[in-house]
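Could you slot chains B and C onto chain A? The hints should help.
Chains as they are written, first to last, in my numbering: chain A, 228 to 385; chain B, 21 to 251; chain C, 11 to 790.
Hints in this document: simulated from the structure, not taken from any laboratory.
One thing to keep in mind: the hints can contain errors.
As the list claims (entries may be wrong) - Listed next, the stretches of chain B that the computed footprint assigns to chain C, with coverage defined by at least 3 CB atoms under 8 Å from CB atoms of chain C: (1) 82–90; (2) 188–199; (3) 235–243.
Said to hold, decoys possible - Derived contacts from chain C toward chain B, CB cut-off under 7 Å, selection only: (4) K656; (5) A701; (6) Q707; (7) N710; (8) L717; (9) Y720; (10) E723; (11) L778; (12) F781; (13) S784.
No residue lacks a Cβ here, since even glycine has one placed at the ideal position from N, Cα and C.
Listed below, chain by chain, are the residues.
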Amino acid sequence: MKVNGVERPAPSDTRRLLSDHLRHDLGLTGTHVGCEHGVCGCCTVLLDGAPVRSCLMLAVQAEGHEITTIEGLARDGAALHPVQQAFHECHGLQCGFCTPGFVMSVVGLLAQHPKPTEQEIEEGIAGNLCRCTGYASIRRAVNRAVELGAPAARRATS
Amino acid sequence: MLASLEDAKVLAGGQSLIPLLNFRLARPQHLVDINRIAGLDRIYERDGGVAVQALARQADVEDSQHAARICPLLTSAIGLVAHRVIRNRGTVCGSLAHADPASELPAVLLALGGNVTVRSVRGERLIAAEQLFTGVFETALAPDEVMVEAWFPEVVDRFAILEESRRHGDFALAGVVRAGDSMALFGVAPTPVRADPQNPTAGLQPSADLEATAEFRLHLVRVLTDRAFAA
Amino acid sequence: MTTRWFGASVQRVEDDRLLRGKGRFTDDIGDGALECCFVRSPHAHARITSIDVSAAREVPGVVAVYTAVDLPFGGVDLPLLIPHPNLTHGRTQRCLASDVVRYAGEAVAFVIAESRYVAEDAAELVEVDYEPLPVVITPEAAERAEQLVHDDVPGNVAAEMLQEVGDVDAALAKAPHRKKLRLRYERGAACSLEGRAVWARWSEDEHKLTVYDSTQSPTSIRGGLAVLFGLAESNVEVIAPDVGGGFGSKIMLFYPDEVLVPYAAMQLDRPVKWTEDRQEHFTAVNQERAQVHEVEVGFDDEGHLLALSDDFIHDAGAYTPYGIIVPIITAAQVPGPYRVPSYRVRFRDMYTNATATSPYRGAGRPHACFVMERTLDAIAADLKVDRLEVRRRNVIQPDAFPYDLGVVWQDGNIVVYDSGNYPELLDRAVTLLGPKPAGDNVGTGLAVYVEGTGVGPYEGAHVQVLLSGKVVAATGIPSQGQAHKTVWAQVVADELGVNVEDVEVTSGDTRRFPWGVGTFASRGAVTAGNAMYVAARMVADKARHVAADHLEANPDDLELADGRVRVKGSPDRGLSLGAVAVLSNPVRYAFGGGTEAATQFAAKPRPGPPLREGEQPGLEATGYYSPPGSTWASGCHAAYVRVDPKTFRLEILRYVVVHDCGRVINPLVLQGQIEGGVAQGIGGAFYERLAYDDDGQLRNASFMEFLMPYATEIPPIEIDHIETPSPLNPLGVKGAGEAGVIPVGAVLASAIEDATGIPITEMPMSPLKLFELSRGTNPG
Chain A
228 MKVNGVERPA PSDTRRLLSD HLRHDLGLTG THVGCEHGVC GCCTVLLDGA PVRSCLMLAV
288 QAEGHEITTI EGLARDGAAL HPVQQAFHEC HGLQCGFCTP GFVMSVVGLL AQHPKPTEQE
348 IEEGIAGNLC RCTGYASIRR AVNRAVELGA PAARRATS
Chain B
21 MLASLEDAKV LAGGQSLIPL LNFRLARPQH LVDINRIAGL DRIYERDGGV AVQALARQAD
81 VEDSQHAARI CPLLTSAIGL VAHRVIRNRG TVCGSLAHAD PASELPAVLL ALGGNVTVRS
141 VRGERLIAAE QLFTGVFETA LAPDEVMVEA WFPEVVDRFA ILEESRRHGD FALAGVVRAG
201 DSMALFGVAP TPVRADPQNP TAGLQPSADL EATAEFRLHL VRVLTDRAFA A
Chain C
11 MTTRWFGASV QRVEDDRLLR GKGRFTDDIG DGALECCFVR SPHAHARITS IDVSAAREVP
71 GVVAVYTAVD LPFGGVDLPL LIPHPNLTHG RTQRCLASDV VRYAGEAVAF VIAESRYVAE
131 DAAELVEVDY EPLPVVITPE AAERAEQLVH DDVPGNVAAE MLQEVGDVDA ALAKAPHRKK
191 LRLRYERGAA CSLEGRAVWA RWSEDEHKLT VYDSTQSPTS IRGGLAVLFG LAESNVEVIA
251 PDVGGGFGSK IMLFYPDEVL VPYAAMQLDR PVKWTEDRQE HFTAVNQERA QVHEVEVGFD
311 DEGHLLALSD DFIHDAGAYT PYGIIVPIIT AAQVPGPYRV PSYRVRFRDM YTNATATSPY
371 RGAGRPHACF VMERTLDAIA ADLKVDRLEV RRRNVIQPDA FPYDLGVVWQ DGNIVVYDSG
431 NYPELLDRAV TLLGPKPAGD NVGTGLAVYV EGTGVGPYEG AHVQVLLSGK VVAATGIPSQ
491 GQAHKTVWAQ VVADELGVNV EDVEVTSGDT RRFPWGVGTF ASRGAVTAGN AMYVAARMVA
551 DKARHVAADH LEANPDDLEL ADGRVRVKGS PDRGLSLGAV AVLSNPVRYA FGGGTEAATQ
611 FAAKPRPGPP LREGEQPGLE ATGYYSPPGS TWASGCHAAY VRVDPKTFRL EILRYVVVHD
671 CGRVINPLVL QGQIEGGVAQ GIGGAFYERL AYDDDGQLRN ASFMEFLMPY ATEIPPIEID
731 HIETPSPLNP LGVKGAGEAG VIPVGAVLAS AIEDATGIPI TEMPMSPLKL FELSRGTNPG
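In isolation and in its complexed conformation, chain A is listed as follows (with noise of 0.2 Å):
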């Protein structure tokens, strides 16, 4: 599988969940678990582009496919993703765990949705929970991400 761009193996245990893989055999640990039950979104990741719980995906699945994980925005000292960007100047971000679910949510919704209507992006953040910022501050880094003109989605290169 292609891991922000990179070819990386699957892991040969088939048990291993996508988030565990990316997290402690690639050590990308960005993608965080909340639930392993896909209903708070902290580990959502884009496959091929759109975004996934990876919690209910297995590693071996992921074979083929183009995984994108927040540390696949921004190369390391270059400049923040303009949804990374929005999140920080509206304070979209307070304990930071839910984060990097959210802005590849936000990603994958201003990729298919560039100019997103008030209802797309509500449906857009409804599927990721944030117990810190009551989401009116992630709402505002949505409209500022737009603002800034989020780029649609394009594959990571390396």
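Okay, now just chains B and C, sitting in the frame of chain A:
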């Protein structure tokens, strides 16, 4: 493959099955992952309805022009299924095969009088919606059968799907699907059930859970039926 | 000096690494650690007759399995954190139960393996024989005491406490009107999105224990581990790395894993870590649950409160590790912002066979606010007086401070409100709320609260200017998202005249600052913030003195601004802060960084020894702030709701907050705290509840069934502020962390009752509950 394996489950979208695995509530010896089977993800027009193959993701059906044109009831219903992220992986056939009594798509199939095509080493057969759902999380599929296609008849007006849930995207406490003059209910019986709009709660014995008693469910059925047929 | 950063909406310094996925939460720390899994009791009350771990030990990849008999401290009760003379029958659990289990989820065995997957496989093979015992689940059942949770605790009463101000019986007897109410308020579970986790390593070479813990008090954990394992505190390091939310559940200390994981690391000579899964979070992490209040109020024809008697029981759960802080807080906060000439409160803390209770954001204040606000609404209904007017008539006036309540607070002092303006909160809230939306089934809700914040005993801070001129600061208490590092940097930057980006704050790491209490009770900005201020002032003072020698000026003529120490009025006569840092440490050997300026053949600023008596090298200082008592924040929330008359679906049409936390350090951060708090309040009022069945099983131990609100359930919130500075601390700040959550239940109860006509005497509510109440079928 299914025929040759003891205690196997089909893995398609995984959005219902993998939580059960994570909880260690489902413990199949084998998982048969059908996601790599090519050519099984089409959504197309057939016989005056929409055919949805096994690997068509719920999100794809949600975005499908065919579906929106031929069966906008299906499009509306899909929008109520969980959240978009789940729909990116979950499949329509998977939802039907999982047969959660509180889910929307089985009731839509029933209200429309649709059917599914299932396949095994013994060949293919059609199962009508009326025969498909046999109990809570139970269908008429044999252990070695895979659902390869679902067919939703056309409806373009006088349709509605209404549900009461606690949060946006949750399973329904009670739900009503109207397709023309016929109606199906979900969340109030072990399977989706047809109902008479004039007497929607007849014969219903809903169960109770944390968010709804039987009485509340019956009440909601009456309220939602009124609202679905008011237009 | 200029106040440039205080009051500014500075964007957070914490964000960049978190946004890039470079956060370091405890489970992110791998380092080849062994992984663990608990075996937990499925029964709420049972005697253990045998435990057989032999099969589990045989599983390939399993390194060890512990039960109580395997632990030298197996028979030791975990610490009772807050003793109290009224807690006559306090009880705590042991790391691993071997005799009796008293709640479903109590730990019985601990499996350590190469991976969590293997540990879970092995845990299934542990065989425990239980003899179920009768279960006590509700506080009412606890009170009936037909069954006991602890054999040696009569009546299931852990503690009883009575306080009285004035003469309530006499006042009630004379009151023109009297009313009784029975009110029930359930809180829920904090459910931070990061569960709990602990990682530990023992270094035999350095004789050092290092622990990463998703905790709200690393200093306390360090102290406890040092005592338990007989180590010097300096040989124990505890760090709270990035923590994904705490909300009080992580200020509960010495969960079994916090002892077992370090112990295992020491025994097995390998790093060991444990991360809970969501299911066990629901049963093994402390919760905050029911209180049942019997209230009697006496009032006059205008609705003035004359006397209030409140007799309540508090559901302690199976153990009382956190003492009776939550009911003490409730008892102290019932009067709230209102004058209650005679007040009597008695509580009994009762055991039940459920997970133990300890603070969850609000910590008993939401219960208290609900009681008082429902009482006032009942008075208004009785007298047919407007609910807002009744409140106006009863609030404490701005000229009444300091206002002595006469009841005891969680810090052992008597409650004295220091400052506030409650009438203005009410007026502004009503203005902000605006006119009622048109349409049917719309109701209005209103609630005012006060909140004791900034409790002691103290916090400390160390501030140091580096040779480069950059500033580092450290304090003992950790963060769980409150932007402490940004907020404290603002305080320090103002004192030292530097850019806020040039101040780097470390928190919650005993290696960097070993003294402190913890992050809880809305105290971080007040205690650590003021400690930062004290330490930074000391550094600024020293900078002026060091620079004065070299500039041949009087320290009082010097100011710190733009990263320099300079003469007021002659800004080019000055030194950079970094140069002052160099000069503050006389050296023999120059090692770069400008240190040649401080060597012996460079200019001597004055005769005598390089360090004066009492002087220390370095441009650094450690300061402490110990509050004389809590400082009292306050606020008023108001809302319009619509309740569908058929489905009882709740729609919050408008929600406003007017808030007073004294001087505001960072308005952007404060807004986030309030918005988040209100969301948790809405969750707790209408969506979340812990559904125990009669056998003490939690029926909804997952996010599918414990309903935390998504964005779609939370309306936009409008916020306004007033500032009544605190006279108790130099910065004039009050705490704000819990404010958003405290009155929400009261507001929604009031609004729902107004919209539907259904009397609301308990929380949480739900469509089902409203349906049953409307039918009169709910026994309540």
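How the hints compare with the structure:
1. 82–90: violated (count 0)
2. 188–199: Since three or more residues must qualify, the claim that chain C covers the segment 188–199 of chain B holds, with 4 doing so at under 8 Å.
3. 235–243: As far as the segment 235–243 of chain B goes, the hint holds, because 5 residues have Cβ atoms under 8 Å from chain C.
4. K656: holds, 4 Å
5. A701: holds, 5 Å
6. Q707: violated, 12 Å
7. N710: holds, 6 Å
8. L717: holds, 5 Å
9. Y720: Result: holds, 6 Å to nearest chain B Cβ.
10. E723: holds, 6 Å
11. L778: holds, 5 Å
12. F781: Since the shortest Cβ distance to chain B is 5 Å, the answer is holds.
13. S784: violated, 10 Å
Violation of the numbered hints given earlier is confined to hints 1, 6 and 13; the remaining hints are satisfied by the structure.
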